[in-house]
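Trainee: What follows is each chain in one-letter form.
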Amino acid sequence: MKKLFLSFVLCTGCLLTFAQEKYFTQNGKVSFFSATSVENIEAHNAKASSVLDANTGKIEFALLIKAFQFEKALMQEHFNENYMESDKFPKSTFKGTIQNMKDLKLDQDGTYKVMIKGIMNMHGVEKEIEVPATFIVKAGVITGKSEFKISPSDYNIEIPGVVREKIAKEISVKADMIYQPLKK
Amino acid sequence: MKKYWIYIILLLLGLSSVGYYFYNKKFANTNSLKADYQFSSLELYSEYNDNEELCNQKYLNKVLQVNGRVKTIQRDDTSVVIQLDSGDELSGVSCIVQNESLGISQSVKEGDSIAIKGICTGKLMDVVLIRCSISQLNN
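In order, the protein sequences belong to chains A and B.
Okay, so the first sequence: first residue is 7 according to my numbering, each after it adds one.
Okay, so the second sequence: first residue is 2 according to my numbering, each after it adds one.
Just chain A, with the same shape it has in the complex:
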């Protein structure tokens, strides 16, 4: 009986540790698109990192601005030097909480829609944003996807008149993360 009790305690212990698990990725993808009638611009970053705390619903992202890759060399240069000032502000982060964490069952296959509210830090400016995201759990693999829009003007990014026609007022941002359990 004692043994049974002990194994019961051990098992619940295991379950609890499982529930507290954190998930992370270092190879998350973030891309953005600016679409205007004059020109479409896109850039991709394959090294975004993210940590998800399954217990609290806290979720964090970080990436290096300079790791955004454009097709055209000059665009990447302008993006870094004139708009994002990436020598001064090399990183961008987002720290938030999944609002409806109870709906997200990471141990059950399925597609879950969530809202994430938090602080975006970019170009030295902090701003609270709320974005929708979708988590897909399949055979133990957790994928998180999100698509939202941001305005450069919210982050004190000035677009000079000459190129204003070429850069959209609102930039679409896409994030795509495949999480792995964080081993301790």
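Just so you know, these hints were derived from the structure itself, not from any lab.
This one's a predicted model, so the numbers in the text were calculated from it and none came from an experiment.
Among the hints, erroneous ones may be present.
Stated by the list, open to error - Cross-link-like lysine-lysine pairs, in silico, BS3-like; alpha carbons within 27 Å at most: (1) A/Lys144 - A/Lys108; (2) A/Lys175 - B/Lys27; (3) A/Lys78 - B/Lys63; (4) A/Lys97 - B/Lys110; (5) B/Lys63 - B/Lys26; (6) A/Lys144 - A/Lys28; (7) B/Lys72 - A/Lys35; (8) A/Lys189 - A/Lys78; (9) A/Lys172 - A/Lys123; (10) A/Lys94 - B/Lys110; (11) B/Lys110 - A/Lys35; (12) A/Lys180 - A/Lys97; (13) B/Lys26 - A/Lys35; (14) A/Lys28 - B/Lys72; (15) A/Lys101 - A/Lys151; (16) B/Lys35 - B/Lys59; (17) B/Lys72 - A/Lys189; (18) A/Lys97 - B/Lys72; (19) A/Lys97 - B/Lys59; (20) B/Lys26 - A/Lys78; (21) B/Lys35 - A/Lys78; (22) B/Lys27 - A/Lys180; (23) A/Lys151 - A/Lys35; (24) A/Lys97 - B/Lys27; (25) A/Lys111 - A/Lys78; (26) A/Lys97 - A/Lys144; (27) B/Lys110 - A/Lys189; (28) B/Lys63 - A/Lys94; (29) B/Lys3 - A/Lys35; (30) B/Lys59 - A/Lys78; (31) A/Lys94 - B/Lys59; (32) B/Lys26 - A/Lys180; (33) A/Lys78 - A/Lys101; (34) A/Lys172 - B/Lys27; (35) B/Lys63 - A/Lys35.
Given chain A's structure and the hints, the job is docking chain B onto it.
Mentor: Quick look at chain B alone, frame taken from chain A:
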């Protein structure tokens, strides 16, 4: 007088095509660039770990040649990321392979010793290099 116009038009055409060329210019193959600094992945990581600010001033946008042991390699539809050993269990030096080198990257395995040239973008958890070319591979 008529000739002047021809010259002016030719000049304008010339200027605009130069402009167009620079505007649409793609990146140079990193393979053809001379490395500004050379070290092992262990050295680069520990230097960054000691003083990130100073390293950013020194290395951002510079071409670094880094040699080290391949810790992990992540391949998917759009990108290949080779992570070199940093001496730290959780971190590394991550190299995002340029399109021109995707072919040769197919033969890279974990544990290989490799020399990679890429452009430094800073440190997140890893030190991240982009547009990387593989200069030497010993598997």
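Trainee: It remains to establish, for every hint, whether it holds in the given structure.
Mentor: Quick rundown of the hints versus the structure:
{"no.": "1", "hint": "A/Lys144 - A/Lys108", "verdict": "holds (18 Å)"}
{"no.": "2", "hint": "A/Lys175 - B/Lys27", "verdict": "holds (25 Å)"}
{"no.": "3", "hint": "A/Lys78 - B/Lys63", "verdict": "holds (18 Å)"}
{"no.": "4", "hint": "A/Lys97 - B/Lys110", "verdict": "violated (30 Å)"}
{"no.": "5", "hint": "B/Lys63 - B/Lys26", "verdict": "holds (19 Å)"}
{"no.": "6", "hint": "A/Lys144 - A/Lys28", "verdict": "holds (17 Å)"}
{"no.": "7", "hint": "B/Lys72 - A/Lys35", "verdict": "holds (20 Å)"}
{"no.": "8", "hint": "A/Lys189 - A/Lys78", "verdict": "violated (39 Å)"}
{"no.": "9", "hint": "A/Lys172 - A/Lys123", "verdict": "violated (30 Å)"}
{"no.": "10", "hint": "A/Lys94 - B/Lys110", "verdict": "violated (36 Å)"}
{"no.": "11", "hint": "B/Lys110 - A/Lys35", "verdict": "holds (23 Å)"}
{"no.": "12", "hint": "A/Lys180 - A/Lys97", "verdict": "holds (17 Å)"}
{"no.": "13", "hint": "B/Lys26 - A/Lys35", "verdict": "holds (25 Å)"}
{"no.": "14", "hint": "A/Lys28 - B/Lys72", "verdict": "holds (22 Å)"}
{"no.": "15", "hint": "A/Lys101 - A/Lys151", "verdict": "holds (16 Å)"}
{"no.": "16", "hint": "B/Lys35 - B/Lys59", "verdict": "holds (16 Å)"}
{"no.": "17", "hint": "B/Lys72 - A/Lys189", "verdict": "holds (17 Å)"}
{"no.": "18", "hint": "A/Lys97 - B/Lys72", "verdict": "holds (24 Å)"}
{"no.": "19", "hint": "A/Lys97 - B/Lys59", "verdict": "holds (17 Å)"}
{"no.": "20", "hint": "B/Lys26 - A/Lys78", "verdict": "holds (6 Å)"}
{"no.": "21", "hint": "B/Lys35 - A/Lys78", "verdict": "holds (21 Å)"}
{"no.": "22", "hint": "B/Lys27 - A/Lys180", "verdict": "holds (24 Å)"}
{"no.": "23", "hint": "A/Lys151 - A/Lys35", "verdict": "holds (10 Å)"}
{"no.": "24", "hint": "A/Lys97 - B/Lys27", "verdict": "holds (25 Å)"}
{"no.": "25", "hint": "A/Lys111 - A/Lys78", "verdict": "violated (42 Å)"}
{"no.": "26", "hint": "A/Lys97 - A/Lys144", "verdict": "violated (31 Å)"}
{"no.": "27", "hint": "B/Lys110 - A/Lys189", "verdict": "holds (23 Å)"}
{"no.": "28", "hint": "B/Lys63 - A/Lys94", "verdict": "holds (16 Å)"}
{"no.": "29", "hint": "B/Lys3 - A/Lys35", "verdict": "violated (58 Å)"}
{"no.": "30", "hint": "B/Lys59 - A/Lys78", "verdict": "holds (25 Å)"}
{"no.": "31", "hint": "A/Lys94 - B/Lys59", "verdict": "holds (13 Å)"}
{"no.": "32", "hint": "B/Lys26 - A/Lys180", "verdict": "holds (26 Å)"}
{"no.": "33", "hint": "A/Lys78 - A/Lys101", "verdict": "violated (31 Å)"}
{"no.": "34", "hint": "A/Lys172 - B/Lys27", "verdict": "holds (19 Å)"}
{"no.": "35", "hint": "B/Lys63 - A/Lys35", "verdict": "holds (23 Å)"}
Hint check: violations occur at hints 4, 8, 9, 10, 25, 26, 29, 33; the rest are consistent with the structure.
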